[in-house]
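Visitor: Here is what each chain is made of, one letter per residue.
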Amino acid sequence: MPEIFINGQAIEARDDQTVMEVAREHGHFIPYFCWHPRLSVVGNCRMCLVEVEGRGLDIACNMPVAKGMQVFTNSEEVQAHRKAILQFITLNHPVDCGICDKAGECTLQDYHYEYSGQRSLSHDEKVRSTKFYNLSNRILLDNERCILCLRCTRFTHEVSKSMALGVERRGDISNIRPVEDRPLSEDPYSDNIVDICPVGALLSRQFLHKSRVWFLQPTPSVCPGCARGCTVQVWHRKPEWKLKALDPRQNENIARVTPLDNPAVNGPWICNKGRDLAQVFERARADEPMLKGRPVTVPAALDEARRLIGAARHPVALVSNWGSNEELETFKDKLGEVFHCFVKQDWQAQPGERIEDDLLIRGDKNPNTTRARELFGHAEPDFKDGTDLVLVWGEGFDFARLPPQARIIFLNSYLQPENGHADVFLPVSIQTERHGHYTNFEGTISAFEPCFEKKPGVQHAEDLIRALATPARGHP
Amino acid sequence: MTTPRRPYVRRQYWNEPTMGWWERSYLLEVVRGLAITGGVFLRNMGKWLTGRKGALTAYYPEEIRADYAAGNRGKHILTQRPDGRPQCVACNMCATVCPAQVIEIDAAFDPDDPAHPKYPSRFEIDYSRCVFCGFCVEACPEDAIRMVKETPDLPGFDRDRMWLGKEELLNWQPHADVSKPYPVRPAAEPGRSPDA
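Chains as they are written, first to last, in the numbering used here: chain A, 138 to 613; chain B, 431 to 626.
Hints in this document: simulated from the structure, not taken from any laboratory.
Careful: at least some of the hints might be erroneous.
As the list claims (entries may be wrong) - No more than 27 Å apart at the CA atoms, straight line, and that leaves these computed lysine-lysine pairs for BS3-like:
hint, chain 1, residue 1, chain 2, residue 2
1, A, K268, B, K477
2, A, K591, A, K429
3, A, K347, B, K579
To be verified - Just some of the chain A residues that point at chain B, by a computed CB distance under 8 Å:
hint, residue
4, L345
5, K381
6, P385
As the list claims (entries may be wrong) - Simulated coverage check for chain B against chain A, where a stretch passes if three residues somewhere in it have a Cβ under 8 Å from a Cβ of chain A:
hint, region
7, 455-464
8, 550-564
Just so you know, even glycine gets a beta-carbon here, dropped at the ideal spot from N, CA and C.
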């Protein structure tokens, strides 16, 4: 346990730590571009220079701690060298922040204002390079903005193991390029390199010029794409920047999804499917209760559903494994005695999707199977003779598998042909409109928050379950 | 022990009118006033009937005042490149700085123009809420938005119809701008490339 001093503060460090790690742990900020807590150390940006007494300047990210070392992270010499290094890093940077999607959350921009604030001292023309290089169908590369920190190449080598990116040539004409026989489009984690890029060199095509980041706000949520339940941040437009003339859908659409660093579940990564949550949640929504396809009011639909439940002799419920812990517990509590309950698989793996790997992706493509099975057992849906009422909660169940004589109560969020076939159809809210928790396959519970107002006409499933549990008027 | 409060006496700043018998008679003075009003009315009416302009009142909105000051902050214009496309790069600086939050921009990507890959596909200003502060003009890094001295056509029956879009804001005639020769090129520093 060597004792080191950072800016005069005595710190007990572990033998295997670097000065960068110790400083971060104890709240001494050292700026960095190429270093990343989950990637190997290359030390090529030189931004994390610190002064060590008796040894001069060296980079903190690659400096093992030694007993009694005196480290200064903000001495005058360090400040002067940081300024010089930012001159080098921006030597060929186009400084086109006005049209760069990273502006507002760009490390280079922040450091420039914090540590340099100086115009370029160079009198030479900037080196021109490829502006928008197609890395994959999801990612564009701007080589002029790239500062060659190599975080993206290290990510593909060390984390996603796709080995899809490399560097060609040397000096100021060296470029990040895809490796010929390893397309980045086959890497299911490729979009993480957009997040870890410290500048705006790697651009997500989904988010390209969609919005400036300061018009957006993140809401913590959980990716429902598989049983891993990665914690994510869902970015959507701030209410105070609500658009009034442009397409109003922009106010209630997901702008982008980024990982929320959570060491217990996913670390700082998520897969590309998590980035595409908008494709799941922004399908056409059902917003009208129906009786056999005929639109009715919510109380009328509830009355009819209660009447069916009261009259049924052998009711069966297919419970959604996209329901939150709270909803599932309410169902168990209120209707668990009434219905014979089975857990339904709402979502199956799509063709072409990676089924399972050892990094994050799990084979079960539903978020809350764990809690649903804990409450309702592992049995597959089974309709014994005499099943006369089926409550289907959530999408993804083929109505042809239901017994033909059974009446159907259907709770669903999306506009699907089955809605009209149900005897009672009730529209319910989606994950981005409510609070809740999911239990992932390891038993870790993560919370999600609402991003948007509930759509008019739809109800939270929890409220509907409570309403269904109260006896109907005129029936005991 | 409290001192007794003095009653408030309002200070008099005006002179009492001094009226002679002529003014005191009231009726005669009323007739004189009516004669002045009627004279002006009849003179203007006569000019109007013979097709000339009588009163100095501007018939807004059909008639626009000719004597706006050169620096008056009126309607916004979007400047154009020589090929007619907007100079705007949709950076949203004006929308961000706008204290009334009346500017809304939809950006689009044009991979065929590497010098200007981002351009506004829609650019909307709400004149029902604009405060004409001119911050947008100051914030613009591209000299893409300016304010001309003429006011926009504000009168309307519906608040929601007071939005002006890109098409209206672009239909400005640059050759009429004598004080700002167009296009304005940024002054190149000696020894620096214009791209730096």
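Visitor: Of all the hints given earlier, name the ones this structure violates by number, lowest first.
Guide: 1, 3, 6, 7
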